[in-house]
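Chemist: Sequence:
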Amino acid sequence: GGGSQSVFSFTGPTSTEDSIRDLKKLIAAQTGTRWDKIVLKKWYTIFKDHVTLGDYEIHDGMNLELYYQ
Numbered sequence: 628g629g630g631s632q633s634v635f636s637f638t639g640p641t642s643t644e645d646s647i648r649d650l651k652k653l654i655a656a657q658t659g660t661r662w663d664k665i666v667l668k669k670w671y672t673i674f675k676d677h678v679t680l681g682d683y684e685i686h687d688g689m690n691l692e693l694y695y696q
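In terms of the working numbering, the sequence shown opens at residue 628 and continues consecutively.
Don't read these hints as lab results, they were simulated from the structure. There could be a bad hint or two in this list.
Here are the computed distance ranges between Cβ atoms for each label pair [unchecked claim]: (1) THR658 x ASP687: 14 to 20 Å; (2) GLU684 x GLY659: 24 to 30 Å; (3) PHE635 x VAL678: 14 to 20 Å; (4) ASP676 x SER633: 15 to 21 Å; (5) GLN632 x LEU653: 16 to 22 Å; (6) ASP687 x ALA656: 15 to 21 Å; (7) GLY681 x GLY659: 16 to 22 Å.
Each computed EDC-like pair below joins lysine to aspartate or glutamate, with the alpha-carbon atoms no more than 16 Å apart [said to hold, decoys possible]: (8) LYS675 x GLU644; (9) LYS664 x GLU692; (10) LYS668 x GLU684; (11) LYS675 x ASP663.
We treat Cβ as the ideally placed atom computed from N, Cα and C, and that holds for glycine.
Generate the whole structure from the sequences, applying the supplied hints.
Modeler: Structural data, given as structure tokens:
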């Protein structure tokens, strides 16, 4: 399907202990989308839900690719 794609600049309120799932739920609340429809990528890496932001070295101001599946 023709999923939409956008790039967004990541800013808190999050901590490095938060998981990608937590971040998706934050985005979902802001965009009115279901969190499980969101795919987050950086370059060719698809972020997995259970991994923490710290493990992926995601920080404020980082540009992430956002897809809706």
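Chemist: Decide, hint by hint, whether the structure agrees.
Modeler: Hints and how they fare:
1. THR658 x ASP687: 14 to 20 Å: Holds, since THR658 and ASP687 (Cβ atoms, about 19 Å apart) stay within the stated range.
2. GLU684 x GLY659: 24 to 30 Å: Given about 29 Å between the Cβ atoms, the range holds.
3. PHE635 x VAL678: 14 to 20 Å: holds (19 Å)
4. ASP676 x SER633: 15 to 21 Å: Holds, at about 19 Å.
5. GLN632 x LEU653: 16 to 22 Å: holds (19 Å)
6. ASP687 x ALA656: 15 to 21 Å: holds (18 Å)
7. GLY681 x GLY659: 16 to 22 Å: Given a distance of about 28 Å, which is not inside 16 to 22 Å, the answer is violated.
8. LYS675 x GLU644: Holds. LYS675 to GLU644 sits at ~14 Å (cutoff 16 Å).
9. LYS664 x GLU692: holds (14 Å)
10. LYS668 x GLU684: holds (13 Å)
11. LYS675 x ASP663: holds (11 Å)
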